[in-house]
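Visitor: The chain contents come next:
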Amino acid sequence: MEITFRDAMTVMHGMGFGALFMLAFSGAIAIIYASATGAPPDAPVRGRTLFRLYLLSMAGLSWLTVLSGSYLIYPWYRATPPAGATDLAAYPQHLLLSNPMTAGWHELGMEWKEHIAWFTPIAMTMVAYIFIAYGPQLARRRDLRRAALGFTAVAFLATAVAGTFGAFLNKEAPVHGGPEIVLLRGR
Amino acid sequence: MARPKSISRVRPVAEAAPALPNGPGAAAILAAGVGSLALGLFALAGDAWPALGNALSVWPPTGPLSGVTAAAVVVWLVAWAALGRIWARREVNLRAVNLAAFAMLAAGLLLTFPPIMDLLEGR
Chain A
13 MEITFRDAMT
23 VMHGMGFGAL
33 FMLAFSGAIA
43 IIYASATGAP
53 PDAPVRGRTL
63 FRLYLLSMAG
73 LSWLTVLSGS
83 YLIYPWYRAT
93 PPAGATDLAA
103 YPQHLLLSNP
113 MTAGWHELGM
123 EWKEHIAWFT
133 PIAMTMVAYI
143 FIAYGPQLAR
153 RRDLRRAALG
163 FTAVAFLATA
173 VAGTFGAFLN
183 KEAPVHGGPE
193 IVLLRGR
Chain B
34 MARPKSISRV
44 RPVAEAAPAL
54 PNGPGAAAIL
64 AAGVGSLALG
74 LFALAGDAWP
84 ALGNALSVWP
94 PTGPLSGVTA
104 AAVVVWLVAW
114 AALGRIWARR
124 EVNLRAVNLA
134 AFAMLAAGLL
144 LTFPPIMDLL
154 EGR
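Residue numbers (the working numbering), protein chains in the order written: chain A, 13 to 199; chain B, 34 to 156.
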């Protein structure tokens with residue numbers, strides 16, 4: 013059982029950072045909802061610290077997702093093949109554009125994904141800041157909660173678009189190559 | 034008969050904490066809107082004008098995306114720092130701030146959608 017280095021990095025970007033971030037969304041919505049009722053009086057400090065760490069981790073994951081995607085995976089995706097190359101398997105963007113039936117995956121999918129994903133870390137950093145700065149005062153700050161909830165919802169949408177296209181793109185033209193990492197040797 | 038307030042409804046922490054004006058929060062929200070709009074505008078401009086796209090290619094392996102996102106992040110952080118300084122101790126009209134932030138966020142999202150980009154570029 014082996015995997016190439018580029019495959020491993022793509023898995024880390026999509027399934028490690030991205031999917032973990034998506035899974036955390038329901039918790040973020042629950043935290044924002046809970047903030048409307050104030051912190052539980054029996055464990056206020058520990059509860060608030062946990063909420064803050066949770067949202068900070070989400071913001072951190074969103075930054076790791078876009079930075080690994082833009083600066084690690086994307087250069088492999090958009091690499092230019094040498095002149096006269098006929099096997100484009102190692103050049104996903106050019107492979108997709110070489111066929112009118114797959115060109116749309118790049119022209120719509122990747123062109124949208126590469127930009128829309130960047131709305132998420134901006135939004136989630138703002139949401140984490142609001143919760144760290146205001147804490148239990150958010151119970152009396154409905155407009156702040158509404159903004160946090162709205163930006164969180166848009167971040168979810170942006171991540172869903174980027175993640176869905178990422179999964180389809182990697183199926184149509186996988187980022188593949190580099191040194192092979194042996195995970196398990198068969199008998 | 035009215036039900037007495039239970040202990041769990043008491044909010045000692047919320048009441049005890051010194052109230053922070055909404056200005057710093059409003060600054061963060063409006064700056065996020067400004068950064069989102071900047072992202073859309075830079076993405077559109079980089080796509081519409083190849084010369085600008087090349088100039089935005091600050092890290093060639095990633096191409097124009099590197100400059101588009103870096104410039105948007107810089108605009109976002111500068112806006113946040115500036116607004117945060119101006120509104121540090123102020124109560125502002127948060128409803129208007131939210132409206133402006135969401136309008137800019139929506140515009141930014143639309144500007145990154147390839148069919149809208151193509152429409153605006155006359156393709």
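The set of hints was computed from the structure by calculation and includes no laboratory data.
Take these hints with a grain of salt, some might be off.
Claimed, not checked - If you anchor each label on the Cβ, the simulated ranges turn out as follows:
| no. | chain 1 | residue 1 | chain 2 | residue 2 | range |
| --- | --- | --- | --- | --- | --- |
| 1 | B | Trp-82 | A | Val-194 | 42 to 50 Å |
| 2 | B | Ala-139 | A | Tyr-45 | 19 to 27 Å |
| 3 | A | His-188 | B | Arg-123 | 50 to 58 Å |
| 4 | A | Leu-100 | B | Pro-83 | 34 to 42 Å |
| 5 | A | Thr-98 | B | Ala-78 | 29 to 37 Å |
| 6 | B | Ala-84 | A | Glu-14 | 38 to 46 Å |
| 7 | A | Met-27 | B | Pro-94 | 18 to 26 Å |
| 8 | A | Arg-64 | B | Ile-119 | 38 to 46 Å |
| 9 | B | Trp-82 | A | Gly-116 | 53 to 61 Å |
| 10 | A | Ala-172 | B | Val-107 | 38 to 46 Å |
As the list claims (entries may be wrong) - Just a few of them, taken from the derived set where beta-carbon distance is under 7 Å, the chain B residues facing chain A:
| no. | residue |
| --- | --- |
| 11 | Leu-98 |
| 12 | Ala-129 |
| 13 | Asn-131 |
| 14 | Ala-133 |
Just so you know, even glycine gets a beta-carbon here, dropped at the ideal spot from N, CA and C.
Visitor: Quick check: which numbered hints come out false for this structure?
Guide: Hints 4, 8, 9, 10, 12 and 14 are the ones this structure does not satisfy, whereas the remaining hints hold.
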